[in-house]
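**Student:** Please work from the sequences and hints to get the whole structure.
Per this note's numbering, the sequence shown starts with residue 5, numbered consecutively.
Treat the hints as calculated values from the structure; they're not laboratory data.
No experiment lies behind these values; they were computed from the predicted model shown.
C-beta: ideal position from N, C-alpha, C; glycine also.
Hints are not guaranteed to be accurate.
Unchecked claim - Restraint-style ranges between C-beta atoms, simulated for each label pair: (1) Pro96 to Ser44: 26 to 32 Å; (2) Gly40 to Ser7: 50 to 56 Å; (3) Met89 to Lys59: 18 to 24 Å; (4) Tyr100 to Ile66: 19 to 25 Å; (5) Lys59 to Glu79: 32 to 38 Å; (6) Arg78 to Asn8: 17 to 23 Å; (7) Tyr102 to Ala38: 21 to 27 Å; (8) Ile70 to Tyr97: 20 to 26 Å; (9) Val104 to Gln49: 18 to 24 Å.
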Amino acid sequence: MRSNFNLQFLIGLFIGLLSPLFFLPIMLYFMGLADGYDFSVLWNQFISNNMNTSKYLSLALISNLIWFYFFLNREKYYQTRGIIMGMLLYAPYMIYIYFVK
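**Tutor:** Below, the structure written as C-alpha cells:
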C-alpha cells in the first residue's frame, strides 16, 4: 500500500504554495495596465490594505487551476492532491487577514 505522503505529493504542495506567489506580481502588473494604475500603487495596496490583500491573494490562487488540470489530465493524482493542499494552506492566512487584522 502506497503512502499518501510521498515525493509527488510534496512537489504538488510546493507548486501549490509557490505558484500564487509568482503569479501575484504579474497579475498586479496587468491589473494596473488595465485600470491605468502604476504597479507600485497596487503593490502598496496589497501590502497595506488587509481587505485588498485577501482579494488579490484569492485571485492569485486561480493560477493553481492551471497546474491542477495539467496534472489531472496526466493522471498525476498525488501532485493534484498536493496542489489542493497548498491552496488549503492559504485559507487560514486569508481568514486571519480578513477578519482579525
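**Student:** Does each hint fit the structure? Answer for all of them.
**Tutor:** Evaluated hints:
Checking the proposed 26 to 32 Å range against proline 96 and serine 44 shows it holds: the Cβ atoms sit about 29 Å from each other. Between glycine 40 and serine 7 the beta carbons are some 51 Å apart, a value that agrees with the proposed interval 50 to 56 Å. In this structure the supplied range 18 to 24 Å holds for methionine 89 paired with lysine 59, their Cβ-Cβ distance being about 22 Å. Between tyrosine 100 and isoleucine 66 the C-beta distance comes to about 21 Å, which sits within the given range of 19 to 25 Å.
Separated by about 34 Å at the C-beta atoms, lysine 59 and glutamate 79 satisfy the suggested range of 32 to 38 Å. The beta-carbon spacing between arginine 78 and asparagine 8, approximately 19 Å, falls within the hinted interval of 17 to 23 Å. Checked against the hint of 21 to 27 Å, the pair tyrosine 102 and alanine 38 passes, with Cβ atoms roughly 24 Å apart. About 22 Å separates the C-beta atoms of isoleucine 70 and tyrosine 97, a value consistent with the hinted range of 20 to 26 Å.
Checked against the hint of 18 to 24 Å, the pair valine 104 and glutamine 49 passes, with Cβ atoms roughly 19 Å apart.
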